[in-house]
Amino acid sequence: MKLYNKILILTITQLLAIFIFGIYQIQTLYLTQQKAFDHKTLIQTEMVQTRFEEMLQNLQKSAKILMNSQEVTTGIISNDTDLLFNWGKLFLSSPSDKIHFMNLKGTVISRGEAEYSFGDDVSKTFYFQQVLHNDTFLGIDIIDNQECLVFASRIKQYGKKPIGIICVAIAIDQALLNKMVEGTNMSITYHSAYQDISTTHSQKLFNISTLHVSLQTLGVQEATFHIGLTSEEELSALKETRTNFLLSIALAFVLLFIALHIVLLKHLKDYENLTHLLIDFYEDHISIKEVITRTQKVIFDHTAPEVKKIAEALFKMSQKIADTQDELEALSTTDQLTSLANRRKLEECLNQKLKEANRGVHFSIIMLDIDRFKTINDTYGHEIGDHVLLHLSHTMYHAMRVSDIVGRWGGEEFLLILPETSLQGAIVLAEGLCAKIAELHFEHYPQSVTISLGVATYHEDDTSNTILNRADTALYKAKNSGRNRVEYED
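For the sequence shown, the working numbering gives the first residue as 1049, with consecutive numbering after it.
If you're looking for bench data, these hints aren't it; they were derived computationally from the structure.
Please note that the accuracy of each hint is not assured.
Said to hold, decoys possible - Derived pair list, reagent style BS3-like, types lysine-lysine, alpha-carbon separation capped at 30 Å:
1) Lys1109 / Lys1209
2) Lys1484 / Lys1112
3) Lys1368 / Lys1356
4) Lys1112 / Lys1209
5) Lys1227 / Lys1137
6) Lys1252 / Lys1112
7) Lys1525 / Lys1393
8) Lys1227 / Lys1083
9) Lys1252 / Lys1208
10) Lys1356 / Lys1337
11) Lys1153 / Lys1083
12) Lys1364 / Lys1345
13) Lys1137 / Lys1112
14) Lys1287 / Lys1204
15) Lys1357 / Lys1337
16) Lys1393 / Lys1422
17) Lys1287 / Lys1088
18) Lys1083 / Lys1287
19) Lys1109 / Lys1484
20) Lys1287 / Lys1337
21) Lys1204 / Lys1153
22) Lys1368 / Lys1393
23) Lys1172 / Lys1112
24) Lys1422 / Lys1208
25) Lys1403 / Lys1137
26) Lys1527 / Lys1484
27) Lys1403 / Lys1109
28) Lys1364 / Lys1422
29) Lys1393 / Lys1088
None of these values were measured; they are calculated from a predicted model.
Whenever a hint applies, use it, and build me the whole structure from the sequences.
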């Protein structure tokens, strides 16, 4: 159909639509927008609710990790303030966080947020009494003169005998409330007998709801969180728009000429967008993923059939390119035999961890080597050697934590990168792995296989070469000391 006919039909359609369906359409639009507004408010309310629940879950996760640590158990039994402080501070994510270790009499053994603050008695606090009676406490209480979200629980030796109590908390302050509503149009208020905090200066909130989380609050009377909108300006604007639209019908004939101009631009715009898209990709301004996303949007938009066909062809071509890139990327970062990360990928991960360590997120590494692997190859052949490598790789991968990075450094050497792990923690992991490998049985190899491991941890101003050299030195020390053992940096 010629452009002239399109314009003519559009003009007649608009004239009829303005007079017949104008009022109906604006009413429908208003109801749709009102529903969208209510839905948006509900989603944002649920978002704040979810963030609050995640905060409580993180408190419980941190507490359970510390409770299950053998070193923490040892520290509680021996009243080792320094050991407990070092463990506690590892799990402090903000200045408002608090981690306290106490004995069963209520004496504070250590505070993760304050190295030299301990020895005081908290046995009279509400949360402490609840833990003694109910084993755990999740709620709101006053800790160090601050109202806090608190999770406390008994620490049990071997999961049976109570030996102490751990308390993980975060202060209820302006920063906490701001974090909960960040990126939304919602406001949150906290009220108790001791304080009132709000993320807005407005005296009135709209569509108010309460956080639906079961908390023990007898320690702090009248403690409640409320969520709401600071204003309904968006909805009021929709009402005003509906009223003004009836008046705007009189201007329809004037606006019709503008609409015709927009139609012309619209038919040319899709072609122009596709042209700019290809130029941007050619000049490396955007990735192939962005080409796919933007092309897909053109396909699903109400574009002309001829434009849609071009977009569909471009979309299929872009997908093939993206698939090829993904395959090449996988080949370039994966060891062909073991399917672990290869040396290139390990170097990238190590450099990334060094950058994170400069911001305070420390890590450790383990360099390991299969003992007498050359003898296996020489005696049984490379096929059996590959079988041993593959089986060991599979065992190592499943023995490590989800956050750990395991890869083949070269030959029979492997590198393990352990995020947020101290030297002592890395040594424990290495010794466990060493024992596990020594107990392995192979389907096609009749003997046991041992490994030697060298452990190093991040030091300030470390480079990839310096930390790898220390791990390598420790590995050779393990080799020279009889193999099948773990050594660590001096």
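Tell me if the straight-line CA distance from Lys1403 to Lys1137 falls inside 30 Å. 21 Å, holds
Given the proposed pairing of Lys1287 with Lys1337, does the C-alpha separation stay at or below 30 Å? The given pair, whose Cα atoms are some 41 Å apart, is violated under the 30 Å limit.
Would you check the hint for Lys1112 and Lys1209, treating anything up to 30 Å between C-alpha atoms as holding? Status holds; Cα separation ~16 Å.
Holds or violated: Lys1364 and Lys1422, Cα atoms, limit 30 Å. Roughly 49 Å between the alpha carbons, so the hint for Lys1364 and Lys1422 is violated.
Hint consistency between Lys1527 and Lys1484 [alpha-carbon to alpha-carbon, up to 30 Å]: Given that 30 Å is the threshold and the Cα spacing comes to 18 Å, the pair holds.
Check the hint pairing Lys1357 with Lys1337 against an upper bound of 30 Å on the C-alpha distance. 20 Å, holds
With the threshold set at 30 Å, check whether the alpha-carbon distance from Lys1364 to Lys1345 stays at or below it. 14 Å, holds
Starting from Lys1227, check that the Cα of Lys1137 is at most 30 Å away, please. Status holds; Cα separation ~21 Å.
Holds or violated: Lys1172 to Lys1112, with C-alpha atoms at most 30 Å apart: OK: Lys1172 and Lys1112 at ~24 Å, within 30 Å.
For a C-alpha distance cap of 30 Å, please report whether Lys1287 and Lys1204 respect it. 61 Å, violated
So if I understand the rule, the pair passes when the alpha-carbon distance is 30 Å or less; does Lys1356 with Lys1337 pass? 19 Å, holds
Assess, step by step, whether the Cα of Lys1525 is no farther than 30 Å from the Cα of Lys1393, and give holds or violated. 26 Å, holds
The structure shown violates the earlier hints numbered 6, 9, 11, 14, 20, 24, 28, 29.
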